[in-house]
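K.L.:
Chains as they are written, first to last, in the working numbering: chain V, 1 to 501; chain G, 1 to 304.
By construction, these hints were calculated from the structure, which means they are not laboratory data. Treat the hints with care, as some may be off.
Stated by the list, open to error - The calculated label-pair distances, taken between Cβ atoms and stated as ranges, are:
| hint | chain 1 | residue 1 | chain 2 | residue 2 | range |
| --- | --- | --- | --- | --- | --- |
| 1 | V | W54 | G | L71 | 22 to 32 Å |
| 2 | G | M133 | V | E353 | 52 to 62 Å |
| 3 | V | V270 | G | K188 | 37 to 47 Å |
Where a beta carbon is used, it is the ideal one built from N, C-alpha and C, also for glycine.
The chain contents come next:
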Amino acid sequence: MPAPLDHKGTGLSRALVDAGFAGLVTFGLSFPILALRTEQDMQNHLVVEQRWSWSAGAVVAVFCARLLAGLLGDWRARALAIPGALIAVFGAHRALTQAPGNGGAIAAVGLALLIGAFALDARWRHAPVRVVAPRAEGPDRSRLISIAGIVALFLFPFVMLTWLGPQGSLKWINNYGVQILIYVMLGWGLNIVVGLAGLLDLGYVAFYAVGAYAYALLSTTFGLSFWICLPLAGVLAAFWGVILGFPVLRLRGDYLAIVTLAFGEIIRVVLINWTDFSNGYAGISSIPRITFFGVPFTAADNGFAAMFGLDFTPIHRTIFLYFLILCLALLTNAVTLRLRTLPIGRAWEALREDEIACRSLGINTVSTKLTAFALGAMFGGFAGAFFAVRQNFVSPESFTFIESATILAIVVLGGMGSQIGVALAAVAMIGGTEILRELDFLKQIFGDSFNPAQYRMLIFGLAMVVMMIWKPRGLISSRTPSIFLKKRNVVSGALVREGQG
Amino acid sequence: MENFLQQLINGLTLGSIYGLIAIGYTMVFGIIGMVNFAHGDVFMLSAFIALIIFLALTQLLGLASMPVAFLIVLVAAMAFTALWNWAIERVAYRPLRGSFRLAPLISAIGMSIFLSNFVQVVQGPRNKPVQPMFTDLIHLTDGPLSVTLSYKQILIMAVTAALLLGFWFVVQKTALGRAQRACEQDRKMAALLGIDVDRTISLTFVIGAALAAVAGTLYMLYYGVVNFADGFTPGCKAFTAAVLGGIGSLPGAVIGGLLIGLIETFWSAYFSSDYKDVAAFSVLAITLIFMPSGLLGRPEVEKV
Chain V
1 MPAPLDHKGT
11 GLSRALVDAG
21 FAGLVTFGLS
31 FPILALRTEQ
41 DMQNHLVVEQ
51 RWSWSAGAVV
61 AVFCARLLAG
71 LLGDWRARAL
81 AIPGALIAVF
91 GAHRALTQAP
101 GNGGAIAAVG
111 LALLIGAFAL
121 DARWRHAPVR
131 VVAPRAEGPD
141 RSRLISIAGI
151 VALFLFPFVM
161 LTWLGPQGSL
171 KWINNYGVQI
181 LIYVMLGWGL
191 NIVVGLAGLL
201 DLGYVAFYAV
211 GAYAYALLST
221 TFGLSFWICL
231 PLAGVLAAFW
241 GVILGFPVLR
251 LRGDYLAIVT
261 LAFGEIIRVV
271 LINWTDFSNG
281 YAGISSIPRI
291 TFFGVPFTAA
301 DNGFAAMFGL
311 DFTPIHRTIF
321 LYFLILCLAL
331 LTNAVTLRLR
341 TLPIGRAWEA
351 LREDEIACRS
361 LGINTVSTKL
371 TAFALGAMFG
381 GFAGAFFAVR
391 QNFVSPESFT
401 FIESATILAI
411 VVLGGMGSQI
421 GVALAAVAMI
431 GGTEILRELD
441 FLKQIFGDSF
451 NPAQYRMLIF
461 GLAMVVMMIW
471 KPRGLISSRT
481 PSIFLKKRNV
491 VSGALVREGQ
501 G
Chain G
1 MENFLQQLIN
11 GLTLGSIYGL
21 IAIGYTMVFG
31 IIGMVNFAHG
41 DVFMLSAFIA
51 LIIFLALTQL
61 LGLASMPVAF
71 LIVLVAAMAF
81 TALWNWAIER
91 VAYRPLRGSF
101 RLAPLISAIG
111 MSIFLSNFVQ
121 VVQGPRNKPV
131 QPMFTDLIHL
141 TDGPLSVTLS
151 YKQILIMAVT
161 AALLLGFWFV
171 VQKTALGRAQ
181 RACEQDRKMA
191 ALLGIDVDRT
201 ISLTFVIGAA
211 LAAVAGTLYM
221 LYYGVVNFAD
231 GFTPGCKAFT
241 AAVLGGIGSL
251 PGAVIGGLLI
261 GLIETFWSAY
271 FSSDYKDVAA
281 FSVLAITLIF
291 MPSGLLGRPE
301 VEKV
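Can you build the whole structure from these sequences, using the hints too?
P.N.:
Right, dumping it as structure tokens:
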């Protein structure tokens, strides 16, 4: 792994020394863990396999990347040249070893990128720095964009349906639409806690689990319908939020983070071990499916399709689920936006900026924090109930720490407190990892044993690091005050202190 | 009584491992105020490095003497893990210094996810069993429930004690230790007095990783199996230990580690091993609620 760039030297010797050092470090890093692989043999004993080519590949990659980063001054040129060099080396290697696939062509593409980057670098570097005047963003324009976005979201399943048919569109509506919207909703829910009130919660998944198990247990034990369980799940989750929040909200930021993480883990361990209650690892299956306000989505005569005179396809249920989660997410958003302009919301934001000042002004910090915690938990509970009705199955496996980390990453990447930023971050993170499942064409290059899905979480973790370094304040880092006297100003996030609570 | 003594020995062994990891958390928190979330996974990585070097020594180089192999494995694991943590700090945390408070934490969470999945991809997702070493037992009492102390446990406690002494010496008596304590108290002032703050922080990560590597080697030796997912839970418990002892306090981290080890072992022995994680985390919550600065930590005074 290359070290980040400290100096913008362009001297060849300096770049070479730098790249050589990075290569050496990479060799040291890769020596035990990459070059030697442990594998069980027939007797279940571990044996070591040597694969120095992996280590060599890593060293070459880091050396090239670091060398080019040292030689090129402009970041756009670097972004072009480094992949170019890697593709060129990769192609050349395949051509030399006569591996299947056209190595020469790959190398040529890489080389072209590389040469292009060097040519463009000279131009970009001497280009005058443009000063962008701050844009006065009228509220009307942003309002127009959000209305257009919502209309597009409502039309999305019908567009997909007419374009790809019931079979082809299922994947898009379910894997992309519903999946992303769940995370948008969770992100908006957590945004109340983290983004507005500045309370770092690493155990948000606990409330998601409470909601999911509330619906699963209430519907399978008492036969309650989804529409009764949904508010109950939210209330239960909020109740748990208050119970967990009450003792810990006196704590400072990082401690609060760890205690919430611990609570998230405790709830999961209890769900695993208290088998009488939650059926343990096996989870709860055959949870009743969603109905159209009482009308089931079946092929029967009293089903949804027969009632509306449509041909029966399972996509009706998926589309209904899509609208359900869309409405739930929009509800979360609407409530958050309204609350921000109410006294309680302003108290949250004030609390985030400076807790001591809040206390001196007579704001009750404990009840302010508790309402944020409970409201965030309630929306987590709604999302959990939706998750249970969508999957028809819940088990503790779905509520691991990774989920909490993902939701928190969405909130932080979105630029804490920005609603549209959170939605964009959810699309990027969840949609991005879903797309990795689709990269089957890479098998033609790397061979059939290559499985892109294997690298999903690896790339996800790396993306979190890269995004933080690239934009530590998130995608949308400007702040619009919720309340303003005459003119709405946009303040850069870099000027706003936050999360000191 | 026999059972109690036996559990005491087991608890202290486990606690030594937690204590070694906890030092890494507490040092990093003390110096840059960041919860180094990836530290548990650095510990897991070190256990893998130790395993691989051990196998390479015995299989590829044909080394037969166990004590020599153990010594080489320990030193090599410390060196390579330290290099890893140095690189991680350089790539993922240093660019975020001076950024807003949550940025390094998110970066560390990303690093943690990256590390565990990296090990899963390059080493495979299965459990890695190691042949048992140093299995001889010493019987301390006679009878049906005899209290035993294995060579393994003696080795773990002895290595931990020796390395903690060495570590204490470094922090208290050397120029590096002084620089580190100075940065902990006031980074800006330390920089004004000519201390290379970046280098000191790097070395803090290196030392933390070296101690985590000792813990990783001993963990592999004690349990005889490593897995890519083994970083999270011990990491959380070690952080609990650091908080229990008072975060920022080095003796506190060790005492906290021993306490968490004992609590976990006794809970498993007398109540239910299913809920041992719940016990450890409940201790964390209870400590923070009633004693927010931990056992040995200084109470924090917030000035305006």
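K.L.:
Decide, hint by hint, whether the structure agrees.
P.N.:
Status of each hint after checking the structure:
1. V:W54 x G:L71: 22 to 32 Å: holds (28 Å)
2. G:M133 x V:E353: 52 to 62 Å: Holds, at about 56 Å.
3. V:V270 x G:K188: 37 to 47 Å: Holds, at about 46 Å.
Against the hints set out earlier in the document, no violation occurs for any number.
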